[in-house]
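Please build the complex by placing chain B on the supplied structure of chain A, with the hints as guidance.
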Amino acid sequence: MSRQQGSPAEEARYRALQDLDPRGDNLVEVLIAGLHDESWRVRHAAAEGLQRLSTPSSEQVATRLVRVLGERGETGARNAAAEALAGLGLAALGPLVKLLGHVDPDQRKFAADILGQLRRPEAEAPLVEALGDADLNVRVSVSESLGRVGGEHAARALERLLGDSEPLLRLSALEGLANLKRPPPLPVVEALLEDARLRRSAFRVLGLLPEVAATVRLCGGLTSELRSMREAALAALGTQATRVTAEQRGEQDAVIRDTLRRLPDARERLARALESEDVAVRAGALVGVAALGDASLAVPVAEVAREDRLLRDVLSTLGRLGLEGGRALLAAMADLSVPARAAAVEALVDLVDPSSVTPLCALLEWAEDDLRGVVVRALGRTRSPEAASPLVDLLRDSVTAGAATRALGVLAGSCRAAVVATLQEAVERRATPAAVAVLARVGGRPALPLLRRLARDVDPRWRAAAVDVAGEVDGGVGKELARAALADEAAPVRAAGVRAMGRLGGSDAGALLRPALQDEDVFVRRVAVEAVGESGASDRAADLEALVLHPDGALATAAVRALSRLGLVEPRMLREASEHPDPEVVKAVLSAVSGEGLALAVSLLEHSHWDVRAAAARVLGESGGAECLGAVRRALEAETDVLPRQAMADAVARLSRR
Amino acid sequence: MARFDDSRPEMSAEEFRLLRDHVYSHCGILVHEDMKFVMERRLWPRLEVLGAPDFSAYHRYLRYDANRHVELEAAVESLTTHETYFFREPSQLKAFREELLPILEKRNARTRRLRLWSAGCSSGEEAYTLAMLLKDERRFDDWDVEVYGTDISRRVLAMARRAEYGPSALRATSADLLERFFLPTGHAKVRVRDEVRAMVSFGHHNLLDEAGSQLVAKMDAVFCRNVMIYFDQAARRKVLRILRDRLVPGGYLLLGHSENLLNLGADFELVHLRGDLVYRRPELPGLLGSEPR
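The listed protein sequences derive, respectively, from chains A and B.
Per the numbering used here, residue 108 is the first one in the first sequence, and the count goes up by one each step.
Per the numbering used here, residue 25 is the first one in the second sequence, and the count goes up by one each step.
Excised from the complex, chain A in its bound form (with noise of 0.2 Å):
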């Protein structure tokens, strides 16, 4: 039954070579023999260990391997010494240039078929080069190749070969070519479409043209009697898409639209296509279902999100299936997968009207607590005051809470009495505190009076709630109950009073924050610092001085920002708190820094952490004069990851123009 049985043997092999002391003598023969093994599992093993070996021997281990390339009659150890040495990298390159030109054929092949698996820009070059082989087969490879290696020297040889009278040729440098994702021009292509051989590897060139005259082209391809030829087409039409304009979009629709409503099987081809398993012809389907405007599709267009990457596509396709598509959802919602129903939920909330109301809190009643946050959202846009009952419910469940006080912001613009009176009764009989912060916004003055009772209330989540919203409907009020809340025994009703005091401000707000600053409960200090910065405090500046070095990263980060927002950094505390050792409180200084604050900037181009470095240098592209250019141009040549660079060519370029 089992071809491939191990044996104690062989497993012995296999540790053996994986337990080499790296040291040790002869361990490049040791490993070659190793490659010649009747087992895979040591081959395999030889040829990591030959990768692993250090780099002043590589490029002697690459023309050892180089060697091994020619012993005819043995595959295995052949197969293995390719697959080394395009482990190798780039010590590997020289010498399978130089075989490039051996005399045999079948190595000029091997080095070819190598080269193409380095993926070395420095490879081009002899490749382009090898292109004038005796050999068809060692041509053939080396197109190949040039499809993975790349480069512009490499795309325009590929395009002089799609006038070759090799089909092969031809068709591995269309392939190439797409890989490449460089098209030549669209006559060229068309011409190749005539070719039968060709055709699905042209469809594939022809996606990668933003040109009406292409989608015409590749219309055509969705009208083939072969299948394999219309998934071609439909999967170069969702290529297409992604590379158009908005204008050009809305002209790829109107193209695939005439096409599709001339096919009377359109949609059931289309559903075919949308469970295909090659994600290419998916989102293709997808771009034809957008065009077509089906709505009886939204469903298997759903089960499309059960492929990550094309959760974006499926949300545009389903927002273009409208209020019909909406219902189809909804009435299908429980039979979908998990995946389909995210992305279903998401759709829906453009997707729904007053009639919804009812099948979406049928859906509430058993969705999983992420999705049910997004259709806590699709209630709210449903504009009917049935939809008000279920929200302030919802306010008492921690997971939704955030989605409903929203989504009652939103109800509100449509029914606003309707909403007012539901909180009202909800919070005569305590439902949740969660309903006084969404009474307060959408009542306005009139909710003042049950605002001052509940801030005297027994239960301090009651006395939180009233003091965090009352300033949001009279300044006068909220500071009068931010004062006492600022001595109340309860820590959340106190970080309720500071978090008001800091907004509320006033020239007594650094004096009534003093003591919080203090606090014994944590969370009510870092409010306090926060509190102290928004409020424009700057008599407690020494104050947050003191926290720029506490080793909670929160708090020395709220502190560097606090003061920034006082206008109150000094330098001497920038250059300390950029010691800090975690990186949120470096990047919070940067973000303080101003004039003679931009040496530290310069000094931060060289931080240990990516986040720093890049946000060192978005300060100086900002602030920065063109003393500072030198520094960030020596800073880009040395960065080699790709998000600080990016800021660091950006600052360049900004200090260029200085």
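Treat the hints with caution; some may be incorrect.
[Stated by the list, open to error] Only part of the chain B face toward chain A is listed, based on derived beta-carbon distances under 7 Å: (1) 75; (2) 182; (3) 212; (4) 293; (5) 306.
Treat the hints as calculated values from the structure; they're not laboratory data.
All C-beta atoms in this analysis are idealised placements derived from N, C-alpha and C, irrespective of residue type, glycine included.
Positioned in the frame of chain A, the structure of chain B alone reads:
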């Protein structure tokens, strides 16, 4: 805490990277570069729950808040889709049933004990499927059999224990199997019968957690299907090492059909079955019997 407007913050490239790295360092799950949109969509509800104004604030919450560990789990749960259904990949299950189970029966004839692990079991469909296969075989009726399902998401484990499923989970389940192994509960849902549930236990486990894996008994076979897709190469190697360690010598590892161990070392040997390819932990040199569990 909650904001009142209806706008949703966009995720910058930098916020994406910070959050991605944070999640990766926690559990080895790698969110690929082209998945920023997906990450943004999946984490929006978390921002809403916490009242975080943007993704930077959310990142700071994950770094500093007292509840950061709980929230990190919630974030991971949001990022990993739990798409699964009963009797998924039937050809592999057929190969397991017809070719591997007889081998395991022979190997374990003395102990009459069988342990299967559904690693990354999501909401339990795979673990219950394995239990149903064993139940159907009858040959293990008087054996000590256990199917163990683990997942990093506590939420899906709760669903697994509840064992109630809707039509989507049953799309590959025949009417006959439905009749034998499920009970209708109304609302187009069914519940796995108690005799199957009794064969399956569930536990919370991060596949990268070496110490935590010690709690997993030695297994005769591990199903780890469509889980590796979430890991990068380094994390995959580590997971495979841990899985190998939890298998008895000669035990089997079954991956999803789109997965393989190419470029991941060869700690396992490839076994060609008639209907499938599976991996096997090699026997210890000179020791062909089972090692003590």
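query = What are the numbers of the hints the structure violates, in ascending order?
reply = 2
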